[in-house]
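Peer 1: Each chain, letter by letter, is given below.
2 protein chains.
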Amino acid sequence: MLQISNRGQQMPPSPIRKLVPYAEAAKKKGIKVFHLNIGQPDIETPPSILDAVRKADIPVLEYSHSAGNESYRRKLVHYYKSVGIDVAYDQILITTGGSEAIMFGFFACLNPGDEVVIPEPYYANYNGFAVQAGVTVVPITSRIENGFALPPIADFEKVITPRTKAIVICSPNNPTGYLYSRQEMEDLKTICIKYNLFLFSDEAYREFSYTGEAVSAMHLDGMDENVIVMDTISKRYSACGARLGAFVTKNKAVYDTAMKFAQARLSPPGLAQIMGEAAVDLPASYFDKPKAEYLERRNLLVSRLNAMPGVFCPNPGGAFYAMAKLPIDDSDAFCQWLLESFSYEGKTVMLAPATGFYGTPGLGKDEVRLAYVLNVQDLGEAMDCLEKALEQYPGRTEIVQTEKVMSTVQ
Amino acid sequence: MLQISNRGQQMPPSPIRKLVPYAEAAKKKGIKVFHLNIGQPDIETPPSILDAVRKADIPVLEYSHSAGNESYRRKLVHYYKSVGIDVAYDQILITTGGSEAIMFGFFACLNPGDEVVIPEPYYANYNGFAVQAGVTVVPITSRIENGFALPPIADFEKVITPRTKAIVICSPNNPTGYLYSRQEMEDLKTICIKYNLFLFSDEAYREFSYTGEAVSAMHLDGMDENVIVMDTISKRYSACGARLGAFVTKNKAVYDTAMKFAQARLSPPGLAQIMGEAAVDLPASYFDKPKAEYLERRNLLVSRLNAMPGVFCPNPGGAFYAMAKLPIDDSDAFCQWLLESFSYEGKTVMLAPATGFYGTPGLGKDEVRLAYVLNVQDLGEAMDCLEKALEQYPGRTEIVQTEKVMSTVQ
Chain A
1 MLQISNRGQQ
11 MPPSPIRKLV
21 PYAEAAKKKG
31 IKVFHLNIGQ
41 PDIETPPSIL
51 DAVRKADIPV
61 LEYSHSAGNE
71 SYRRKLVHYY
81 KSVGIDVAYD
91 QILITTGGSE
101 AIMFGFFACL
111 NPGDEVVIPE
121 PYYANYNGFA
131 VQAGVTVVPI
141 TSRIENGFAL
151 PPIADFEKVI
161 TPRTKAIVIC
171 SPNNPTGYLY
181 SRQEMEDLKT
191 ICIKYNLFLF
201 SDEAYREFSY
211 TGEAVSAMHL
221 DGMDENVIVM
231 DTISKRYSAC
241 GARLGAFVTK
251 NKAVYDTAMK
261 FAQARLSPPG
271 LAQIMGEAAV
281 DLPASYFDKP
291 KAEYLERRNL
301 LVSRLNAMPG
311 VFCPNPGGAF
321 YAMAKLPIDD
331 SDAFCQWLLE
341 SFSYEGKTVM
351 LAPATGFYGT
361 PGLGKDEVRL
371 AYVLNVQDLG
381 EAMDCLEKAL
391 EQYPGRTEIV
401 QTEKVMSTVQ
Chain B
1 MLQISNRGQQ
11 MPPSPIRKLV
21 PYAEAAKKKG
31 IKVFHLNIGQ
41 PDIETPPSIL
51 DAVRKADIPV
61 LEYSHSAGNE
71 SYRRKLVHYY
81 KSVGIDVAYD
91 QILITTGGSE
101 AIMFGFFACL
111 NPGDEVVIPE
121 PYYANYNGFA
131 VQAGVTVVPI
141 TSRIENGFAL
151 PPIADFEKVI
161 TPRTKAIVIC
171 SPNNPTGYLY
181 SRQEMEDLKT
191 ICIKYNLFLF
201 SDEAYREFSY
211 TGEAVSAMHL
221 DGMDENVIVM
231 DTISKRYSAC
241 GARLGAFVTK
251 NKAVYDTAMK
261 FAQARLSPPG
271 LAQIMGEAAV
281 DLPASYFDKP
291 KAEYLERRNL
301 LVSRLNAMPG
311 VFCPNPGGAF
321 YAMAKLPIDD
331 SDAFCQWLLE
341 SFSYEGKTVM
351 LAPATGFYGT
361 PGLGKDEVRL
371 AYVLNVQDLG
381 EAMDCLEKAL
391 EQYPGRTEIV
401 QTEKVMSTVQ
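Chains as they are written, first to last, in this note's numbering: chain A, 1 to 410; chain B, 1 to 410.
Looking at chain A on its own, in the form it has when it is part of the complex (with noise of 0.2 Å):
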């Protein structure tokens, strides 16, 4: 008998897609699905990087450099510097989406048996490429009650070993919304320096911060040697499927190693990179009609939210999802529940179970996460069906679990 390896057994299977054949089976018998479970933006794609590549002349598609165009790392020197980020094109490998970014640095950066710490709640994949690369993940949780802010330094502290080599966050985040203030970077940069940690920095969403700038890992001083950013174009632009992201570190001999993976693989999408390219020629203002959509949808889900007896959800600070805490028994039968036994008018919600987000074991029972993807006018009318959901389900808890909560009884 063939067997599967056993880093294959090991993979987890997407904590977001598992409800896939509920949600299918509700609209089978007519019901209408509001997908706040996947962070799949419904914001128009730029029409002018779309018509780079119809315009293009392309007589051979042929491979691309395996660290990307260089004409469009070029360019991508010019984007960095817009977000005060100073690098030179050969400090930037373009890569397959946001994903190969994160692989190419957990690959180059660390050995089977290492352990990277990453405050917790994650972004489930993580937990993939971890398994993909042989490394253990160390969580540390950080809380919905103060907004999920960055665990306190001793936190860390706690769970550094020898075999600890990197810190992973992801700033604005998902899932959480959270965007780190300049002294939790800061905080970041303290325990990298002390103990010798990589910091990879996954930054997707810089361009939707809502309350400040996004401080990216680039910014900090000293820390050339420890930094390697992951990008991607996938939410900034509305390319998802694009496929196309940016690995980006100061470090050569990370640089270097990193190059050889790609080098393997031969090259990153040749049709993305010329959207990629175009993207960087798009007004600074193009940013100011999505984020200003964001924020409006942001502010009628939290404070939505908030008014459901019960329900607590911090205000994110930036990228566009939230998390909320019900007053559930458990997200993973909730969330299977508004798709198999609940309809409202005819329609239903579909959220992420926040299980999938946290390493420790029975975290986030009582969370879900919402991608606000969806027009105000979807967004409300989703609003509404969780809010009629949370007064039918039979797994409610009448458990005063916060203080926003107890502020909202009185």
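You may find that some hints are simply not true.
The list makes no distinction among identical chains, and a pair is therefore deemed to hold if it is satisfied within one copy or across any two copies.
[What the hints assert, rightly or not] In silico DSBU-like pairs for lysine-lysine, Cα to Cα no more than 35 Å straight-line:
1. K18 x K252
2. K75 x K55
3. K291 x K55
4. K158 x K250
What the hints contain is simulated information worked out from the structure, not anything from laboratory work. Quantities reported herein were computed from a predicted structural model and do not represent experimental measurements.
Add chain B to chain A, keeping to what the hints say.
Peer 2: Same frame as chain A, now just chain B:
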């Protein structure tokens, strides 16, 4: 001091690209360099498949299904049927180039420390994927004297251990151009069944078979559990830069496992999938022209090479590569010398030293790989250069090395 990983250190740099700085220096001196060193065809990408992208209405370039768009996979069922392969759409997983298909196979089926047997010379990047997966490549030598035919079953049996989990083949072959016969494919089946091995079959060059139809691993009866086909549109439609491939297997456990790796990286490139889908609609006659073109080039290349004193080039049955044995001391030194110290009428030729394609140290020192990816005119001039170069090369050997050479000498 922050350290890169062990596998990062072990990761081989591209053997094909290491001569690039010498080529660049030659060009700076005004020398025209004929590139026979890389498998980047000059054949036009079919305009209709690029037009499909131009005409596509894409308001939002969304993530596709992690296995690729269902519409594309359903179309590929017909493509595979046309080459005698009977698979269902849910046995096809769309990948980012053939590279990712190979990686999914290694990660899904092999544990660190496992061994894969590969007839050498072989595609050099298999080494990189093996390092990435922590897998050991065990080469068995196929020989230029018999045109790189499959080594006898006994040679496989000599190296098979309890750690051996798979055989990797590529037919038509890169770098040798050799096309495995039906009997050779049956021999591989015999070994895989006897020793319970996966058969990873890289079929990138399927359409470019000149001495008969390529036998797919999927044509072998009773091998449904063993076979994984790694495929790509790169060479088939001269669309290397699209980065679109496929992982095809009837082994459900392997497919489901690869799917988990696919979910972690979200989706394959979106615009490329539009190209891939349009490519299935090309008439079967599409291949006539590029195939005839490659055949003409092959005939020119092989006859020119074999007419050079001391040179032996077996006639390849497929793909667009040929391996030649040259009267030289060291193929790495020779290929560098061609770029650094030689020119003929202001021109020179860039070749790939065969050493990079052998797993056994020391082999390939008097062999080079030539990719016939230039038109007949350029190819002829490149052969003129090589002929002159062999006359002048200081490291020329005078030893008669093969039967063919002997018969030429007589």
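Peer 1: Are the hints correct? Go through all of them and say.
Peer 2: Status of the hints after comparison with the structure:
{"no.": "1", "hint": "K18 x K252", "result": "between (40 Å within a copy, 18 Å between copies)"}
{"no.": "2", "hint": "K75 x K55", "result": "both (19 Å within a copy, 27 Å between copies)"}
{"no.": "3", "hint": "K291 x K55", "result": "both (28 Å within a copy, 29 Å between copies)"}
{"no.": "4", "hint": "K158 x K250", "result": "within (29 Å within a copy, 47 Å between copies)"}
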